[in-house]
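> Let's have the full structure, built from the sequences with the hints guiding it.
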Amino acid sequence: MKEAILERSSVAAANGYAALAFKLDGSHREPPESFVKRPVKLSIKDLVIGYLDKQSGHTMVAVDNVTLDIREGEFVTIVGLSGCGKSTFLNAIAGLVKHQHGEIRVNDRIVTGPGMDRAVVFQKASLLPWRKVGRNITYGLELSGMKPAAAREKAGYYVNLVRLNGFEDHYPHQLSGGMQQRVNLARALACDPEVLLLDEPFAALDAITRELMQNELLELCEKVGKTVLMVTHQIDEAVLLSDRVIIFSSRPAYVLADIRIPIERPRKSVIKDSEEFRRLMNEIWRVIEGNANIGGGI
Amino acid sequence: MRKVTVFPKSNEVKREKIASTLLGSSVILLFLISWELLFQFRFVNPLFISSPSRVVLALLTIIMDGSLLQNLIISGQEFVFGYGVAILLGFPIGIMLGWFKLVRAAFGPFIAAMQATPRIALMPLFIIWFGLGITSKIVIVLLSAIFPLIVNLQVAMSTIDNDLIHVARAYGASRWQVFRSIALPTTLPFLITGLRLAAGRGLLGVIVAEVFGGAAGLGYMIQYAGSTFQTDKVFAGVLVVAFTGITLDFTLDRLGRHFDRWRGEVAVH
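Keeping their order, the protein sequence lines are chains F and E. The numbers in the working numbering rise by one with no breaks, and the one at position 173 of the first sequence is 173. The numbers in the working numbering rise by one with no breaks, and the one at position 89 of the second sequence is 89.
No wet-lab data here; the hints were simulated from the structure. Virtual Cβ for every residue (Gly too), placed ideally from N, Cα, C. Possibly wrong hints are sitting among the right ones.
What the hints assert, rightly or not - Mimicking SDA-like on lysine to any residue, the simulated pairs with C-alpha atoms at most 25 angstroms apart in a straight line are:
(1) K54/F with D163/E
(2) K101/E with K132/F
(3) K147/F with T159/E
(4) K98/F with V178/E
(5) K124/F with W176/E
(6) K132/F with D163/E
(7) K101/E with D53/F
(8) K124/F with Q177/E
(9) K147/F with G256/E
(10) K124/F with R261/E
(11) K124/F with R263/E
(12) K124/F with D161/E
(13) K124/F with N162/E
(14) K132/F with R263/E
(15) K124/F with P189/E
(16) K124/F with I165/E
(17) K54/F with I165/E
(18) K45/F with G172/E
(19) K132/F with F179/E
(20) K226/F with R169/E
(21) K132/F with N162/E
(22) K98/F with F179/E
(23) K54/F with A105/E
(24) K147/F with G172/E
(25) K132/F with A105/E
(26) K98/F with A215/E
(27) K132/F with I182/E
(28) K154/F with S174/E
(29) K124/F with T159/E
(30) K132/F with S181/E
What the hints assert, rightly or not - Derived list of chain F stretches under chain E, where covered just means 3 residues or more per stretch with a C-beta under 8 angstroms from a C-beta of chain E:
(31) 109-118
(32) 138-148
Encoded structure:
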């Protein structure tokens with residue numbers, strides 16, 4: 001069983017290197033020029049994450065030797081097939097999942113567990129149903145020991161930013177899915193994290209709301225200039241929002257390609273109609289497709 | 001600014017409610033009238049069935065001579081002490097059983113066995129240990145009321161939304177913070193349900209214990225009236241007990257609705 005896994009992993013690896021070779025000709029591996037001079041916010045080095053497969057009792061590799069630097073203000077997105085280990089990767093950065101090898105640093109400080117320097121927006125809004133919107137937004141701040149009144153004041157800016165003012169006294173069940181997800185986003189932003197982690201934040205929304213929320217997030221990110229690491233399987237979402245798109249292979253995950261999105265900012269959602277946007281989407285899709293076919297990832 | 005609109009209740013809903021209330025009350029009225037007629041025309045031996053008018057008369061009598069109040073105070077004391085201690089003990093026990101796996105593994109079977117035992121069967125023991133006075137009844141009430149509380153709180157702990165715990169942990173919450181900000185609020189509706197069930201069981205405990213081996217209280221009053229063929233007084237006593245139970249349940253239900261406002265599906269009137 002273990003040998004079989006290793007063998008599959010090496011086949012996938014060979015495939016991955018082929019994809020890398022294909023990428024190495026261009027300037028894709030370097031971060032966008034505008035970010036080169038900025039300090040590294042999130043640094044991931046040789047990260048290996050394993051998990052115990054309860055059925056076989058073996059330790060399986062979910063994330064295989066990923067190295068990644070994200071600079072201040074950069075928006076980086078990881079795409080890959082579902083179940084490829086990208087969410088596990090994000091959870092490890094959040095400090096919720098332990099890694100076996102390598103290190104994660106935020107502002108050069110090694111991550112050992114969850115902390116206020118990172119905030120996660122999960123796919124499900126997961127708001128506390130008995131708290132009104134206002135107290136949900138301040139939840140993260142209150143956990144860090146802040147008094148509700150002070151937390152409210154600090155969160156006020158973000159309440160306006162995600163356009164939730166006037167809804168502070170509503171209960172979560174009174175809001176639509178999109179609104180709930182905005183509360184989720186505001187809850188993360190209110191903590192003013194060094195790195196914002198988004199785990200398929202719009203995947204649970206309907207197509208129209210998702211599109212609207214993407215535009216809002218785009219606008220929001222240009223305003224607050226946060227360092228963001230997002231995980232998604234929507235390629236258009238990745239291209240629209242990101243400065244770089246990292247493509248993960250199917251399980252175990254490693255970096256297949258690191259593609260720069262040179263579309264200049266501020267962006268508007270109309271760029272989706274441009275030639276360049278389609279070219280980038282195709283490029284990403286080809287890498288994913290190639291990996292899925294050879295690695296048998298589907 | 002958009003506002004969440006709350007639709008007013010339509011007239012149709014209101015009319016339906018009035019109709020069902022009327023229907024319910026007329027059935028009760030019909031029952032009382034037939035009962036009275038059965039008595040007035042001597043279809044059944046009046047000694048056995050009494051009549052609504054005589055029950056009211058008996059009720060007035062025991063109110064006037066002060067015997068009702070006297071018994072009510074004794075039964076009330078037994079209930080309040082037993083119920084109070086049941087809450088004070090049952091709440092932490094239920095929470096601990098739900099929260100700590102090890103505690104559940106250790107005490108779960110013991111509590112299940114205790115719960116399955118009919119408490120009143122232990123009454124002779126309690127009379128030997130605590131006498132015929134108020135203490136033996138308090139113990140019965142305590143043992144009757146505590147289990148619904150423990151079981152409900154334990155179940156509440158198992159319904160905690162794991163996604164919420166995940167979020168709390170991502171924001172760096174300690175185990176205590178997870179407990180306070182997520183586990184405790186989750187238990188609140190279950191606590192109210194537990195309190196309602198416990199109140200019913202406790203009341204039953206008071207009456208049964210007094211009927212079984214009492215020297216005072218409502219149960220004793222009913223038992224004594226029965227054994228001396230004062231059927232009117234038996235019914236009057238039962239009426240008082242039923243009324244107390246309904247009032248208690250209604251109050252706790254209102255309390256529950258107050259704490260349940262955040263839940264969408266529960267309509268608040």
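> The structure should be examined with respect to each hint, and the outcome stated for every one.
Cross-check of the supplied hints:
1. K54/F with D163/E: Answer holds: K54/F to D163/E is near 21 angstroms, not above 25 angstroms.
2. K101/E with K132/F: Violated. K101/E to K132/F sits at ~31 angstroms, over the 25 angstroms cutoff.
3. K147/F with T159/E: With a Cα-Cα distance of about 28 angstroms, the restraint between K147/F and T159/E is violated, given a limit of 25 angstroms.
4. K98/F with V178/E: Given pair K98/F, V178/E holds - Cα atoms ~20 angstroms apart, limit 25 angstroms.
5. K124/F with W176/E: The hint holds at about 24 angstroms.
6. K132/F with D163/E: 18 angstroms, holds
7. K101/E with D53/F: This hinted pair holds, its Cα atoms lying about 23 angstroms apart.
8. K124/F with Q177/E: 21 angstroms, holds
9. K147/F with G256/E: Cα-Cα ~28 angstroms, so violated.
10. K124/F with R261/E: Holds, at about 22 angstroms.
11. K124/F with R263/E: 18 angstroms, holds
12. K124/F with D161/E: 12 angstroms, holds
13. K124/F with N162/E: 12 angstroms, holds
14. K132/F with R263/E: With Cα atoms ~11 angstroms apart, K132/F and R263/E stay inside 25 angstroms; holds.
15. K124/F with P189/E: 24 angstroms, holds
16. K124/F with I165/E: Holds: K124/F and I165/E sit about 13 angstroms apart, inside 25 angstroms.
17. K54/F with I165/E: 22 angstroms, holds
18. K45/F with G172/E: 23 angstroms, holds
19. K132/F with F179/E: 19 angstroms, holds
20. K226/F with R169/E: Holds, because 22 angstroms separates the two Cα atoms, which is no more than 25 angstroms.
21. K132/F with N162/E: Distance ~20 angstroms between K132/F and N162/E Cα, so the pair holds.
22. K98/F with F179/E: Within the cut-off at roughly 23 angstroms; holds.
23. K54/F with A105/E: 23 angstroms, holds
24. K147/F with G172/E: At roughly 16 angstroms apart (the allowed maximum being 25 angstroms), G172/E and K147/F satisfy the hint.
25. K132/F with A105/E: 36 angstroms, violated
26. K98/F with A215/E: 66 angstroms, violated
27. K132/F with I182/E: 14 angstroms, holds
28. K154/F with S174/E: Between K154/F and S174/E the Cα gap is close to 22 angstroms, so the pair holds against 25 angstroms.
29. K124/F with T159/E: Cα-Cα ~18 angstroms, so holds.
30. K132/F with S181/E: The hint holds at about 13 angstroms.
31. 109-118: holds (count 4)
32. 138-148: holds (count 5)
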